[in-house]
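J.: Sequence:
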Amino acid sequence: MAYIEGKATGKIVILPNLDKSEVPKMTLELISWFKAKRVEVLLLTEDAGRLGLDALGAGLDEILTSDAVVALGGDGTILRAVRMLKGAEIPVIGVNMGRVGFLSEVEPDELYPAMERLLSGDYIVDERMMLECKVRAGDCENTYLALNEIAIERGHHQRMLEMDVYINDIMFSKYTANGLIFATPTGSTAYSFSAGGPVVSPENELILLAPVNPHSLFGRTMALSANDTARVELAKDLEVIVGVDGCLEFCAIFDSVEIRRADSKAQLIKLKEQSFYTLFKIKLRVWDSWLR
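Our numbering puts the first residue of the sequence shown at -3, with every later residue one more than the last.
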């Protein structure tokens, strides 16, 4: 993880989760606020259509000319923003309209002071490690980027998966489980955490390998070097789901899935001088109170 200085912003992409009841109104108000500041605002074409603002709709090529992305939603919206940017060096700031918001920097009542700082460049960019996943099936190869995790899980059947895992082309272990999770330190508080994996500060760079409901004496989470490359092969031909940051990207029989550290990094805007451990303690309290 590295920090770089922010820069003044003149073109903003707003990525809202319009399925949350309060977000459409907030989005329209924020667009008006930016326009009053003479800031160019872009929306994804689909979002612009839902808001009745077709003139602000933009395709990916134009989105990638922006200075920053404002994600209005929960952590899933921030992950969606990172996925949309495909490794481009465009920073993302999250406004927490969800429950816990591990990745969100701004609460709703802090929105406009935070946007003032965004426009003036009064922020730092927190560069986070990502994973690159290559799925090979026959003659096809698809590549995906993940900020949180790559999850390999059984498809539309109830049979456990038998998987051979290779690390740097060396046979490491056979797993019989419902699936495997490969997570970054950022993702250690997400799906990997629910599978019993450890919490890792994002200041570290490593890859967590966590089995999901393993039927084996060895079911512990492994911490791999960020320089390692993992490859998963199925011992039996069964339909498998490959999820990238919670989104289904592949559902079929594959030949192999290869996971490594991505060359690009996600860029998250930070406004507060707050250690990961303080943030984690606060978010756990929020999580606990919500569960109650």
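Keep in mind that the hints were calculated from the coordinates and are not lab data. From the three backbone atoms N, C-alpha and C, an ideal C-beta is built for every residue, glycine too. Each hint should be verified, as a subset may be incorrect.
As the list claims (entries may be wrong) - Ranges of calculated distance between the beta carbons of each label pair, as one might list FRET restraints: (1) 235 <-> 170: 35 to 41 Å; (2) 135 <-> 235: 15 to 21 Å; (3) 165 <-> 34: 52 to 58 Å; (4) 135 <-> 244: 17 to 23 Å; (5) 216 <-> 34: 51 to 57 Å.
Unchecked claim - Cross-link-like lysine-lysine pairs, in silico, DSS-like; alpha carbons within 25 Å at most: (6) 279 <-> 266; (7) 82 <-> 130; (8) 266 <-> 82; (9) 82 <-> 261; (10) 31 <-> 266; (11) 16 <-> 261; (12) 266 <-> 232; (13) 33 <-> 21; (14) 279 <-> 268; (15) 7 <-> 31; (16) 277 <-> 266; (17) 7 <-> 277; (18) 3 <-> 261; (19) 130 <-> 7; (20) 3 <-> 266.
J.: With reference to the structure, classify each hint as holding or not holding.
T.: Hints, verified against the model:
Checking the proposed 35 to 41 Å range against residue 235 and residue 170 shows it is violated: the Cβ atoms sit about 20 Å from each other. One distance hint, 15 to 21 Å for the beta-carbon pair residue 135 and residue 235, holds here, with the actual separation near 19 Å. The given range of 52 to 58 Å is respected by residue 165 and residue 34, whose C-beta atoms sit roughly 55 Å from each other. Judged by the Cβ atoms, the range 17 to 23 Å given for residue 135 and residue 244 holds: they are separated by roughly 22 Å.
Against the hinted window of 51 to 57 Å, the Cβ-Cβ separation of residue 216 and residue 34 comes to about 55 Å, which satisfies the hint. Between residue 279 and residue 266 the alpha-carbon distance is near 16 Å, which keeps this suggested pair within the 25 Å criterion. Between residue 82 and residue 130 the alpha-carbon distance is near 14 Å, which keeps this suggested pair within the 25 Å criterion. At roughly 20 Å between alpha-carbon atoms, residue 266 and residue 82 fall within 25 Å of each other, so this suggested pair holds.
Between residue 82 and residue 261 the CA atoms are separated by roughly 10 Å; this keeps the pair inside 25 Å, and the hint holds. With a C-alpha separation of about 24 Å, the suggested pairing of residue 31 with residue 266 holds against the 25 Å cut-off. With a C-alpha separation of about 28 Å, the suggested pair residue 16 and residue 261 falls outside the 25 Å cut-off, and the hint is violated. Taken as a hint, the residue 266 and residue 232 pair is broken in the structure, with Cα atoms around 45 Å apart against an allowance of 25 Å.
For the proposed pair residue 33 and residue 21, the alpha carbon gap of about 19 Å is at most 25 Å, so the pair holds. Proximity of residue 279 to residue 268 is assessed by CA-CA distance (about 15 Å); at most 25 Å being required, the pair is judged to hold. Distance check on the hinted pair: residue 7 and residue 31 sit about 11 Å apart at the alpha-carbon level, within 25 Å; holds. Distance restraint check for residue 277 and residue 266: the Cα-Cα separation of roughly 18 Å lies within the 25 Å cut-off, and the hinted pair is therefore satisfied.
For the suggested pair residue 7 and residue 277, the alpha carbons sit about 35 Å apart, so the restraint of at most 25 Å is broken. For the given pair, residue 3 sits about 18 Å from residue 261 by alpha-carbon distance, which is consistent with the 25 Å threshold. Of the supplied pair hints, the one linking residue 130 and residue 7 is violated, its CA atoms being roughly 33 Å apart against a limit of 25 Å. For the suggested pair residue 3 and residue 266, the alpha carbons sit about 12 Å apart, so the restraint of at most 25 Å is met.
Hints 1, 11, 12, 17, 19 from the list above are not met by this structure, while the remaining hints are.
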